[in-house]
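A.B. asks: Chains as they are written, first to last, in the working numbering: chain F, 525 to 787; chain A, -6 to 367.
No lab work stands behind these hints: they were computed from the structure.
Possibly wrong hints are sitting among the right ones.
Unchecked claim - Rough simulated footprint, nothing fancy, chain A against chain F, three-plus residues with beta-carbon under 8 Å:
| hint | stretch |
| --- | --- |
| 1 | 566 to 580 |
| 2 | 614 to 623 |
| 3 | 627 to 638 |
| 4 | 694 to 700 |
Yeah, the Cβ is synthetic: ideal placement off N, Cα and C, and Gly gets one too.
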Amino acid sequence: MPFSVKLIDGSVGRSVDPKAEAAVQMIDVHKWYGEFHVLRDINLSIRRGERIVICGPSGSGKSTMIRCINRLEEHQKGRIIVDGTELTNDLKRIDEVRREVGMVFQHFNLFPHLTVLENCTLASIWVKKMRKKEAEEVAMHYLTRVKIPEQANKYPGQLSGGQQQRVAIARSLCMSPKIMLFDEPTSALDPEMVKEVLDTMVGLADEGMTMLCVTHEMGFARQVADRVIFMDYGQIVEMNTPDEFFRNPQHERTRLFLSQILH
Amino acid sequence: MTTASNLPLEPIADAGDNAVLALRPPARRKAPIAQVLFGTIGNTLLTLATAAILLAAVPRLIQWGILDSIWTATDGSACREASGACWAFLRAKFRQILFGIYPPDQQWRPLLAVTMLFCVILYSLPPRNWDRFLVFLWCIAVACFLVLMQGGVLGLTLVPTAYWGGLPVTLILAVSALGIGFPFGVILALGRRSALPVPRILSVGLIEVIRGLPLVSLLFMSSIMLPIMLPEGLTIDKLARAGVALTIFSAAYLAEVVRGGLQAIPEGQAEAARALGLSWVDTIRQVILPQALQKVIPPLTNTVIVMVKNTALVLVVGLFDLLSSGKAALADPSWPSPFAETYLFIAMIYFVICFGISRYSLYLERRAAAGQVR
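Please take these sequences and the hints and turn them into a complete structure.
C.D. replies: Structure below.
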């Protein structure tokens, strides 16, 4: 049943169907850092199970855009609807959305004072109010899936970068998110560790997870993406299937960017 | 090209063509002691100067402290004639130094109270005991302490706080100043870093005002001005007033130490916690504070030790802590007022407590460093 939602500016907007197929909908989204217009008129609709790769030069607003989806950044204009819930200043709704949306960061952001297992059970115990034993079973399940169950009792600092990033992915998966956001997940890794993280992400994509990945791994984009988005100056410049995107880029800026990263 | 044969050390592992050349590090040479002491002109001069000072001081100290000292005496006359230390005074007066003017026939009560407090402190040391039960245990322990000391119930005779003195006063002041001051300090530190203006301004204001005042003036204010400000008929105990002043003072200082730790935690930690759906309180409690506090163990220890010793300042408002009880004991005219001996004894008690805190903090640091190679 449709219901009306309150917009950021307090007015009542048009009704949104919670059963709509869109996993994420961004409508006329703008954001400023002070005077700096970092997101300009973003319109994006992502279907459930869709895999999106976002690329663009540094400072183009790609990280900011996906960070708006789980409200790590606040947009100032427009609407963002995640899994039928509109992001407003209602803190309860933001928490609801964050439970549905997992995020993996460039610098892993594991909790260094907790073991790998404790990193993975923390949110289950404190957010989902799961019993410790149950949470540990869930954690071990996902640690096995990212192929590092044997590291469960180590601290993050004792692991390699690639292992840490896989723990970070497992930590997100423990909350059984419907959507996963990846913010340059391989940029801080040594070259020989990029593959193990990408393989984990390909595995996730194969299982039908809705994914938004900010990455410059164009091989990954070709292999799994349904759509590739190119951003520059806070705008979505071009959006296309990977085939078309790489073979036949429409915009001059996209061609220039691709020529710089594909040698 | 360098081959194994012309290296100064033999390879210790050799596994054929693909051998990994593994060498032992060269042995560390230890400088002979004579070279350490007399190796250079500067060192020689320092060694001779130190030796001269030791030769002058140590024999006199032994003469005073051991050879010429009086260990047993029933009154001060023997001490008056001797030129050495009057340790007999401590034997005669240690109860008064430790417990002040608490009624002598009731002094088993402070003894029991202090022993109980020390036991709870010892139980609190291992981090694996840090849970809800510990908070409960502390509440019970402090309640028992107050009942034991104050009396007036359970057939115990009433002993007003004016008669309390010595170690129990020092301990309860230190425990409340730190135990209550610490959570307040954390709240002040979080408030100071808050994006919301009201908590931030309140925290900054309180911290800066308290830090801008000497503790002595704060004690005077709580002791003299608080009763004037309170409505007629309502009085707060003098000991409690001093406790409040010490608590506020330590909270302000602890807040700044904790804030230092909070600032050292990268923004990504809070972001990761929030992205997982953790509430603000859980983010602070489970992710930020444990890391922040681990980072500030050394300055935290510093503040704790300073606060334990700061309790001695309550003597300016007429309370008898350990130090002022010692001073009071010295006033007995039948003894020749052995200041040095008494202060040495009190210093020893403070040292044992503060050194203990210091060693404990080192243990915590090592434990924190153990798993987390970063």
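A.B. asks: Confirm or reject each hint.
C.D. replies: Going through the hints against the structure:
Coverage of the stretch 566 to 580 of chain F by chain A is violated. Counting CB-CB distances below 8 Å, 0 residues qualify, and the rule asks for three or more. Interface restraint, the stretch 614 to 623 of chain F with chain A: holds (3 residues with C-beta to C-beta distance below 8 Å; minimum three). Requiring three or more residues with a Cβ within less than 8 Å of a Cβ of chain A, the coverage given for the stretch 627 to 638 of chain F holds, as 8 such residues are present. Restraint check on the stretch 694 to 700 of chain F versus chain A: 3 residues with Cβ-Cβ distances below 8 Å, three needed, restraint holds.
Checked against the numbered hints above, the structure violates only hint 1.
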